[in-house]
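Turn these sequences into a full structure, and let the hints steer you where they fit.
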Amino acid sequence: MHDKEKQLVQSYMNGNISRRGMLRGLASMGVTAATASVLVNAAATEALAQNGFDWKKHSGTTVKLLLNQHPYADAMIANLENFKALTGMDVVYDIFPEDVYFDKVTAALSSGSSEYDAFMTGAYMTWTYGPAGWIDDMNEYINDPAKTNPDYDWEDMLEGVRNSCAWNGQPGGALGSDDAKQWCIPWGYEQNNLSYNGRMFKEAGLSVPKNIDELVATAAEAKAKIDGTYGIGVRGSRSWATIHPGFLSGYANFGEKDLNLASDGKLSAAMNTDTSRMFHEKWVQMIQESGAPDWSTHTWYQAGTDLGAGKSAMIFDADILGYFMNGGDNAEAGNLEFAPFAANPDAAAPTPNIWIWSLAMASAGKQKDATWYFLQWASGPEHGLFGATQMDFVNPVRKSVWADAGFRERLDSSYPGYVDMHDLSAPGAKIHFTAQPLFFDLTTEWAAMLQKMVAKEVPVDEGLGQLEDSVNRQLKEAGLG
Amino acid sequence: MSTHTVDAPKKRNFKISKRYLPYVLSLPALLMCIGILIPFFTAVAYSLQRYRLSQPWARKWNWGENYLNFMTDPAFWNTLKVSLTYAFLTVGVELLLGLGIALLLQKRTRFNNFVSIMLLMPLMTAPALASLMWKLMTNPGFGVLSYWATLLGIEDMKWASDPSTAMMTVVIVDVWVYTPFIMILLLAGLRSLPRQPFEAAELDGVPRLFVFWKITLPMLTPFLLTAVLFRVIESIQQFDIIYAMTQGGPGDKLTVFQVEAYLNFFQSTNVGRSAALLMILWLITYILSTIFIKNWLRLRERARGEG
Numbered sequence: 001m002h003d004k005e006k007q008l009v010q011s012y013m014n015g016n017i018s019r020r021g022m023l024r025g026l027a028s029m030g031v032t033a034a035t036a037s038v039l040v041n042a043a044a045t046e047a048l049a050q051n052g053f054d055w056k057k058h059s060g061t062t063v064k065l066l067l068n069q070h071p072y073a074d075a076m077i078a079n080l081e082n083f084k085a086l087t088g089m090d091v092v093y094d095i096f097p098e099d100v101y102f103d104k105v106t107a108a109l110s111s112g113s114s115e116y117d118a119f120m121t122g123a124y125m126t127w128t129y130g131p132a133g134w135i136d137d138m139n140e141y142i143n144d145p146a147k148t149n150p151d152y153d154w155e156d157m158l159e160g161v162r163n164s165c166a167w168n169g170q171p172g173g174a175l176g177s178d179d180a181k182q183w184c185i186p187w188g189y190e191q192n193n194l195s196y197n198g199r200m201f202k203e204a205g206l207s208v209p210k211n212i213d214e215l216v217a218t219a220a221e222a223k224a225k226i227d228g229t230y231g232i233g234v235r236g237s238r239s240w241a242t243i244h245p246g247f248l249s250g251y252a253n254f255g256e257k258d259l260n261l262a263s264d265g266k267l268s269a270a271m272n273t274d275t276s277r278m279f280h281e282k283w284v285q286m287i288q289e290s291g292a293p294d295w296s297t298h299t300w301y302q303a304g305t306d307l308g309a310g311k312s313a314m315i316f317d318a319d320i321l322g323y324f325m326n327g328g329d330n331a332e333a334g335n336l337e338f339a340p341f342a343a344n345p346d347a348a349a350p351t352p353n354i355w356i357w358s359l360a361m362a363s364a365g366k367q368k369d370a371t372w373y374f375l376q377w378a379s380g381p382e383h384g385l386f387g388a389t390q391m392d393f394v395n396p397v398r399k400s401v402w403a404d405a406g407f408r409e410r411l412d413s414s415y416p417g418y419v420d421m422h423d424l425s426a427p428g429a430k431i432h433f434t435a436q437p438l439f440f441d442l443t444t445e446w447a448a449m450l451q452k453m454v455a456k457e458v459p460v461d462e463g464l465g466q467l468e469d470s471v472n473r474q475l476k477e478a479g480l481g
Numbered sequence: 482m483s484t485h486t487v488d489a490p491k492k493r494n495f496k497i498s499k500r501y502l503p504y505v506l507s508l509p510a511l512l513m514c515i516g517i518l519i520p521f522f523t524a525v526a527y528s529l530q531r532y533r534l535s536q537p538w539a540r541k542w543n544w545g546e547n548y549l550n551f552m553t554d555p556a557f558w559n560t561l562k563v564s565l566t567y568a569f570l571t572v573g574v575e576l577l578l579g580l581g582i583a584l585l586l587q588k589r590t591r592f593n594n595f596v597s598i599m600l601l602m603p604l605m606t607a608p609a610l611a612s613l614m615w616k617l618m619t620n621p622g623f624g625v626l627s628y629w630a631t632l633l634g635i636e637d638m639k640w641a642s643d644p645s646t647a648m649m650t651v652v653i654v655d656v657w658v659y660t661p662f663i664m665i666l667l668l669a670g671l672r673s674l675p676r677q678p679f680e681a682a683e684l685d686g687v688p689r690l691f692v693f694w695k696i697t698l699p700m701l702t703p704f705l706l707t708a709v710l711f712r713v714i715e716s717i718q719q720f721d722i723i724y725a726m727t728q729g730g731p732g733d734k735l736t737v738f739q740v741e742a743y744l745n746f747f748q749s750t751n752v753g754r755s756a757a758l759l760m761i762l763w764l765i766t767y768i769l770s771t772i773f774i775k776n777w778l779r780l781r782e783r784a785r786g787e788g
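Residue numbers (the numbering used here), protein chains in the order written: chain F, 1 to 481; chain C, 482 to 788.
Careful: at least some of the hints might be erroneous.
Listed below are several chain C residues computed to face chain F (Cβ distance under 10 Å; list not exhaustive) [to be verified]:
no. : residue
1   : 533
2   : 534
3   : 537
4   : 554
5   : 558
6   : 616
7   : 621
8   : 634
9   : 637
10  : 638
11  : 642
12  : 750
For each label pair, taking beta carbons as the anchor points, the in silico distance ranges come out as [said to hold, decoys possible]:
no. : chain 1 : residue 1 : chain 2 : residue 2 : range
13  : C       : 607       : F       : 214       : 41 to 47 Å
14  : F       : 255       : C       : 556       : 28 to 34 Å
15  : F       : 94        : C       : 607       : 21 to 27 Å
16  : C       : 768       : F       : 301       : 49 to 55 Å
17  : C       : 523       : F       : 288       : 53 to 59 Å
18  : C       : 607       : F       : 265       : 43 to 49 Å
19  : C       : 675       : F       : 305       : 54 to 60 Å
20  : C       : 525       : F       : 49        : 55 to 61 Å
21  : F       : 268       : C       : 515       : 43 to 49 Å
Rather than coming from a laboratory, the hints here were simulated on the basis of the structure.
Quantities reported herein were computed from a predicted structural model and do not represent experimental measurements.
Ideal Cβ positions, reconstructed from N, Cα and C, are used throughout, including at glycine.
Written out as structure tokens, the structure is:
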């Protein structure tokens, strides 16, 4: 970096000039915006190295990671040289596709293997890994100033996201409670909102739905008016993953819960209520009338690719799914738009249930302090900003990254409505499930029951009754109900 | 030319005492058995425990409770029903088709040999890959089979996505993959049958259908039993085709033993229930194998005139 460029970037880092001012200045020196971000990242790493923290303490150590094939992992790998230069450490990793990833994690952790020091996980999975003693409570590291660099700024993490990764291990215990253990560090997250095909909506004269009734009607209208397209994409496979995105986001917006927690600590099914019945009926009707013909096999992949290929008019699913479908070689790239969605007409704002890709530390690991060096760097504000502005590291979990003008401009210009959607939904965005060890059993059963309802094998009210009985029986068998 | 005398290498006298020889010879088998028996008895032990990875503090021996819970668990009875239905349908259809094709290809000609090799292709495809291929072909939106169905007047065919056609769809995939196995086994059997009874029947002008029922089929029964034995054992343990196509859905239409056990272990981390399910599956497989093998031995003895 030349001195003048260096000074300009440094001024920006010190907050003396705006990002736009820095970019303009660099452009006058013949530096492109892309290179400018690399310079900023290098300067940020340089600044990190000078914050008084002993980054070289574990120099020469190699940390091994287990990663899921994901743009978040790609962003980290692209920035890895900076970490190596900063710490003198090395990082090796194994990457697996998502289909087999969690089986691999379960196998590695349950065997007590020390092969992997850290790994990617979802917050739900830590409800198994944590109580099983396979992962460490990250509070021990975050709260230790000798181990954590002064610029890490844990409070910069979005509160709902941060809390969703913390649980006290008590079935039904509130996420983020004072006695909660921080089982994982949020890395990137997904809200569930509407991603729709703006071109199709315009051509068919459709307006963006604002609540569940409008969603059902708009989906049906889209299917009727747009040839060869179904109205709405939502997940439908026999898996817990069918419940957690759009379905639970809409359900929770009516104030409904999955489980009740009694004063004696016992859990019981909470989905057999009048409001829940009403929501289930509308959801089922929507899929029957306007969902994918092979809905019951749809995972996030089919929901996303159908939107990208123009086979569906919209999805009520992870916002980043719409984000990725709006680029690349997708037929509808550039045509997708985004909107917040509150299913309940009386709700003030959306309450999206969230999926959080997080980083966790294996208890069996042999070099935990060194691993924490990697984790704090990977989840730090500098890497977050690099990933968000240079790679596809959306949605970032740090408030400072969301406040970055460059990042917001980038999103706003290419992903219409995305920033507003996020800002409006973020306050209510959290995990709306009850944390408990039977999470995967009960939600998979919920999905199976939803399939039966959609297939008209069982009426909604009867199905909810059966689900309630089964959930209560399983909770009782597990000593939780 | 000069000649060199080279001393022959001395034979090493490595003798094993006759007393130990049987043990030494059976050592590889013993090692194999240990490799199988350790996981087996570990699974037996797990099946007798309340053991969830997510509730390690609650792990304890509950002896037969996992099995007793099955008695009142509708999900278990559904699994049993689905697994047996799947095995019965797949093996039944494969047997009929395999036998039919084998009879058609019985005569040794170049064409028949070529066709029989070509028909083995599906068997060389990994079932999981075959399932993904069929998943695409049966996609209601763009699948070629869905398109053909519309040409036949069947609109809105949802294949594996619909509870009423899900079983039929996975059975079709299984039949496509495994019929060649039965076909090749029966073809080998047919071609190895002695010619004399057939020549005698031909000379006497016995109708072909009578020959099939009274000569071919009885003589082929050991081969049929072998084919059925292998296929039943494999079919009742089906996992990849069903999991790749529907993950056991829609609803609980295809929750066969292996899928249920897999989900119980890897998704629910309920090791105890998963192991108990697999023990029941092992028991069913063991009983069926015993029945088939006994019958097979009886038929073999009868064929030798010992019965």
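Q: Go through the numbered hints given earlier and state which of them the structure violates, listing their numbers in rising order.
A: Going through the list in order, the structure violates hints 5, 8, 16 and 17 and respects the others.
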